[in-house]
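Here are the chains, one letter per residue:
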Amino acid sequence: NAGVTQTPKFRILKIGQSMTLQCTQDMNHNYMYWYRQDPGMGLKLIYYSVGAGITDKGEVPNGYNVSRSTTEDFPLRLELAAPSQTSVYFCASSGTSGGYNEQFFGPGTRLTVL
Amino acid sequence: QKEVEQDPGPLSVPEGAIVSLNCTYSNSAFQYFMWYRQYSRKGPELLMYTYSSGNKEDGRFTAQVDKSSKYISLFIRDSQPSDSATYLCAHNAGNMLTFGGGTRLMVKP
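The listed protein sequences correspond, in order, to chains A and B. Residue 22 in the numbering used here sits at position 28 of the first sequence; the count goes up by one each step and never skips. Each number in the numbering used here comes from the position in the second sequence (counting from 1) with 8 added on.
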């Protein structure tokens, strides 16, 4: 199993540009998450999904959109990039939301907005 | 007040030292507490979890929860250079995890 894969690994955007960060998991997990990680700030939840067709906002959703048309894929869309969105973005998945809710993370996408 | 708080470090120790990493949390209703380890330029991975109060040991690692003081600890015995990473504590808040800011640990040979 590849686990959670993310593309691209790196990207530089200009202010106002748009892009989609791709996330795919092959573990048949229902739950998927998008986080951003700023230096020394831990992980902030952007959006999450409890299954295909169902998404919900996390702690920092402004400036982002998501969709979940299949169990495997959970893309994150940035419509009008701003310097404040410079961060490392991690996608994660889990098989359950209860208990210790082990989440499996992808390798991350490093995004710079100039 | 943040739900989970950690000292960001960095914490630098010599190889073989005992390391203590700590978090405080605000909501006494939390039951599951996790420690994730994140190597540089990698995604986090689950290291250990504990339920409610008490200790849990796994090899050189011990996770401890003190619910009376709302304190979570991770102890690493005989630390190795390969333990150099950022350690994030987390709790399960229903459908999502809430993470602390992470503590960067450096173990020097």
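Derived from the structure by calculation, the hints contain no laboratory data. One or more of the hints may lead you astray.
What the hints assert, rightly or not - Heads up, simulated DMTMM-like pairs for lysine to aspartate or glutamate below, C-alpha to C-alpha not over 25 Å straight-line: (1) B/Lys10 - A/Glu96; (2) B/Lys50 - A/Glu66; (3) B/Lys50 - A/Glu96; (4) A/Lys51 - A/Glu73.
To be verified - Taking CB as the label site, the calculated pair distances span: (5) A/Asn24 - B/Asp74: 47 to 57 Å; (6) A/Pro55 - B/Pro16: 19 to 29 Å; (7) A/Gly10 - B/Gly67: 25 to 35 Å; (8) A/Lys51 - B/Asp74: 31 to 41 Å; (9) A/Ile48 - B/Glu53: 33 to 43 Å; (10) A/Gly34 - B/Arg85: 21 to 31 Å; (11) B/Asp86 - A/Asn59: 45 to 55 Å; (12) A/Asp50 - B/Lys10: 13 to 23 Å; (13) A/Thr106 - B/Pro16: 41 to 51 Å; (14) B/Ala25 - A/Val54: 49 to 59 Å; (15) B/Asn30 - A/Met21: 41 to 51 Å; (16) A/Pro33 - B/Ala25: 38 to 48 Å; (17) B/Asp66 - A/Lys3: 44 to 54 Å; (18) A/Glu73 - B/Gly62: 43 to 53 Å.
Virtual Cβ for every residue (Gly too), placed ideally from N, Cα, C.
Now the hints, each set against the structure:
no., hint, in the structure
1, B/Lys10 - A/Glu96, "holds, 22 Å"
2, B/Lys50 - A/Glu66, "holds, 21 Å"
3, B/Lys50 - A/Glu96, "holds, 17 Å"
4, A/Lys51 - A/Glu73, "holds, 16 Å"
5, A/Asn24 - B/Asp74: 47 to 57 Å, "violated, 33 Å"
6, A/Pro55 - B/Pro16: 19 to 29 Å, "holds, 25 Å"
7, A/Gly10 - B/Gly67: 25 to 35 Å, "violated, 50 Å"
8, A/Lys51 - B/Asp74: 31 to 41 Å, "holds, 33 Å"
9, A/Ile48 - B/Glu53: 33 to 43 Å, "violated, 26 Å"
10, A/Gly34 - B/Arg85: 21 to 31 Å, "holds, 27 Å"
11, B/Asp86 - A/Asn59: 45 to 55 Å, "holds, 47 Å"
12, A/Asp50 - B/Lys10: 13 to 23 Å, "holds, 21 Å"
13, A/Thr106 - B/Pro16: 41 to 51 Å, "violated, 22 Å"
14, B/Ala25 - A/Val54: 49 to 59 Å, "violated, 36 Å"
15, B/Asn30 - A/Met21: 41 to 51 Å, "violated, 32 Å"
16, A/Pro33 - B/Ala25: 38 to 48 Å, "violated, 26 Å"
17, B/Asp66 - A/Lys3: 44 to 54 Å, "violated, 31 Å"
18, A/Glu73 - B/Gly62: 43 to 53 Å, "holds, 47 Å"
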